[in-house]
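Asker: Heads up: the sequence lines are chains V and W, in that order.
Residue numbers 1154 to 1266, in the working numbering, belong to the letters of the first sequence in order.
Residue numbers 130 to 242, in the working numbering, belong to the letters of the second sequence in order.
Don't read these hints as lab results, they were simulated from the structure.
Honestly, I wouldn't trust all of these hints.
Claimed, not checked - List of simulated lysine to any residue pairs, SDA-like, C-alpha gap at most 20 Å:
#	chain 1	residue 1	chain 2	residue 2
1	W	Lys234	V	Gln1194
2	W	Lys198	W	Thr184
3	W	Lys234	V	Glu1254
4	W	Lys187	V	Glu1254
5	W	Lys178	W	Tyr168
6	W	Lys178	W	Phe192
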Amino acid sequence: DAGVTQSPTHLIKTRGQQVTLRCSPKSGHDTVSWYQQALGQGPQFIFQYYEEEERQRGNFPDRFSGHQFPNYSSELNVNALLLGDSALYLCASSWGQNTGELFFGEGSRLTVL
Amino acid sequence: AQSVTQLGSHVSVSEGALVLLRCNYSSSVPPYLFWYVQYPNQGLQLLLKYTTGATLVKGINGFEAEFKKSETSFHLTKPSAHMSDAAEYFCAVSRYGNNRLAFGKGNQVVVIP
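Chain V extracted, bound-state conformation:
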């Protein structure tokens, strides 16, 4: 049974560029959440998708957007990249929106130069 898979694992972008990160949830899960983990910090909630809609959003600007597809996979898009966007981006899946029991992928490490 495959767990949560994320791609790419590492990527380097320059300021002002745009990036798309992808996530496939654990089999049987229908909800995807995205977190940003800066170096030396705990993960911070970006947003959550359920039934192809953004259901909850953390304190992140509109440059951060996402999408969920009918097969429950998800994308995170970040526009107009800033140096401060350099971080590990974690995708987490669950069965339902209100469990707190999240299964995390290994993350996508984004470096912005």
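Given the coordinates of chain V, assemble chain W onto it according to the supplied hints.
Answerer: For chain W alone, kept in the frame of chain V given last:
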């Protein structure tokens, strides 16, 4: 808003000794509390969670945590550390168990042979 505080970013413990990681929370509503562990090059994994009911919660790998409302704490313990316990540990809180978790900064545990 919900938040958690974890003091001491790095914790060293001798093999066979008690592991104690402290977590204090702030919540405007009855909290749901979690401990997650992150092993090197792996995604975060749920160790245990507190929702309601019994205040002593047992998790995987011999870990347990006790919810103390009067102290707003949810400290994690393991009686005897093993080399395989070397990892980063995160305490988290959410409202009503939803997936918008607020994480602490984490404790990096080093086990000394």
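Asker: Next, verify each hint and record whether it holds.
Answerer: Right, here's what the structure says about each hint:
no. : hint                     : in the structure
1   : Lys234(W) <-> Gln1194(V) : holds, 5 Å
2   : Lys198(W) <-> Thr184(W)  : holds, 9 Å
3   : Lys234(W) <-> Glu1254(V) : holds, 19 Å
4   : Lys187(W) <-> Glu1254(V) : holds, 15 Å
5   : Lys178(W) <-> Tyr168(W)  : holds, 18 Å
6   : Lys178(W) <-> Phe192(W)  : holds, 11 Å
Violated hints: none; the structure is consistent with every hint.
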